[in-house]
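Final position of the sequence shown in our numbering is 266; the numbers increase by one with none missing.
You may find that some hints are simply not true.
[To be verified] Okay, the calculated beta carbon distance ranges per label pair:
#, residue 1, residue 2, range
1, 27, 56, 37 to 45 Å
2, 117, 82, 25 to 33 Å
3, 39, 206, 36 to 44 Å
4, 86, 28, 34 to 42 Å
5, 148, 198, 25 to 33 Å
6, 206, 27, 44 to 52 Å
7, 27, 205, 43 to 51 Å
8, 129, 40, 46 to 54 Å
9, 21, 147, 54 to 62 Å
10, 198, 28, 52 to 60 Å
11, 93, 31, 31 to 39 Å
These are computed hints drawn from the structure, not numbers from a lab.
Beta carbons: idealized from backbone N, C-alpha and C, even for Gly.
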Amino acid sequence: MSRRLPLRKRFRVHTLLLIALCGWLLMLHLTLLLNHGLDAPSNGVGDLYLARNSETASANAVTTVVVSYRGFDTLGEVTVLFLAATGIGMLFAGGLGATPASRDRHNHPNEVMVTGTRLLFPALLLLGVYIVLHGHLSPGGGFQGGVIVATAFFLRMIADPKFSLDHAPLGWTESFAGSGFVLFGMLGLIFVTTASFLGNFLPHPVAAMGQLVSAGVIPLIYLLVGIKVGAEVGAIFQDMLEADHDTPVSARAAEEL
Numbered sequence: 010m011s012r013r014l015p016l017r018k019r020f021r022v023h024t025l026l027l028i029a030l031c032g033w034l035l036m037l038h039l040t041l042l043l044n045h046g047l048d049a050p051s052n053g054v055g056d057l058y059l060a061r062n063s064e065t066a067s068a069n070a071v072t073t074v075v076v077s078y079r080g081f082d083t084l085g086e087v088t089v090l091f092l093a094a095t096g097i098g099m100l101f102a103g104g105l106g107a108t109p110a111s112r113d114r115h116n117h118p119n120e121v122m123v124t125g126t127r128l129l130f131p132a133l134l135l136l137g138v139y140i141v142l143h144g145h146l147s148p149g150g151g152f153q154g155g156v157i158v159a160t161a162f163f164l165r166m167i168a169d170p171k172f173s174l175d176h177a178p179l180g181w182t183e184s185f186a187g188s189g190f191v192l193f194g195m196l197g198l199i200f201v202t203t204a205s206f207l208g209n210f211l212p213h214p215v216a217a218m219g220q221l222v223s224a225g226v227i228p229l230i231y232l233l234v235g236i237k238v239g240a241e242v243g244a245i246f247q248d249m250l251e252a253d254h255d256t257p258v259s260a261r262a263a264e265e266l
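Work out the full structure, taking the sequences as your base and the hints as a guide.
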């Protein structure tokens with residue numbers, strides 16, 4: 010008959026104390042979260058941004074934060090996307106020791122893909138441009154609209170093996186948009202009325218809030234962000250579907266599109 014271990018050996022005291030401490034900290038954290046702002050007026054940064062949103066005459070407060078108050082951080086996010094696109098391009102080009110990806114052009118896309126792309130391509134382009142241009146009026150903006158535009162071209166590349174994006178124009182477009190973004194930021198520093206990076210130095214009367222031409226420099230910055238994001242994401246898609254130009258090409262998909 011086996012002997013049963015004493016209770017102190019079956020349960021380690023320091024383990025039980027650690028579990029109890031973690032449970033107490035969890036309950037304390039949940040209590041603070043649930044009670045936050047219930048008994049006292051909110052005094053956070055978000056309320057301050059909302060109170061000052063009318064300064065930029067932008068109907069979308071999120072856009073004001075992303076492009077104006079937090080514009081320098083947005084520049085960092087765009088830079089991260091650029092580095093990601095560069096890294097993916099090096100990876101698929103074999104710059105990091107990897108084998109270049111080759112696109113199989115012998116397999117013809119099915120009819121559903123070709124017909125669906127024919128219908129969705131112009132609609133996605135229009136939707137992407139609309140979201141970019143109306144980022145200061147409604148949810149959306151340069152990041153979302155740029156990805157939608159790039160997705161439209163991605164569908165076109167899948168449905169039509171002959172269609173591809175040239176890296177040279179994409180590079181020039183991305184460089185133009187990035188340089189314009191930095192230029193607007195530096196102009197905000199130069200003008201005495203703003204004296205801050207990405208300062209809204211163009212006229213932006215509050216009476217024009219809600220109109221397409223409003224919010225000063227913010228729509229222009231979002232337009233540049235949309236161009237830059239669209240070019241970089243499109244380059245990523247092109248790298249992933251990079252074609253072997255020596256492979257014979259099926260012409261049927263191109264004729265249908």
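Going through the hints against the structure:
no.	hint	verdict
1	27 x 56: 37 to 45 Å	holds (39 Å)
2	117 x 82: 25 to 33 Å	violated (46 Å)
3	39 x 206: 36 to 44 Å	holds (39 Å)
4	86 x 28: 34 to 42 Å	holds (40 Å)
5	148 x 198: 25 to 33 Å	holds (29 Å)
6	206 x 27: 44 to 52 Å	holds (47 Å)
7	27 x 205: 43 to 51 Å	holds (49 Å)
8	129 x 40: 46 to 54 Å	holds (49 Å)
9	21 x 147: 54 to 62 Å	holds (58 Å)
10	198 x 28: 52 to 60 Å	holds (54 Å)
11	93 x 31: 31 to 39 Å	holds (37 Å)
In summary, the one numbered hint that this structure violates is 2.
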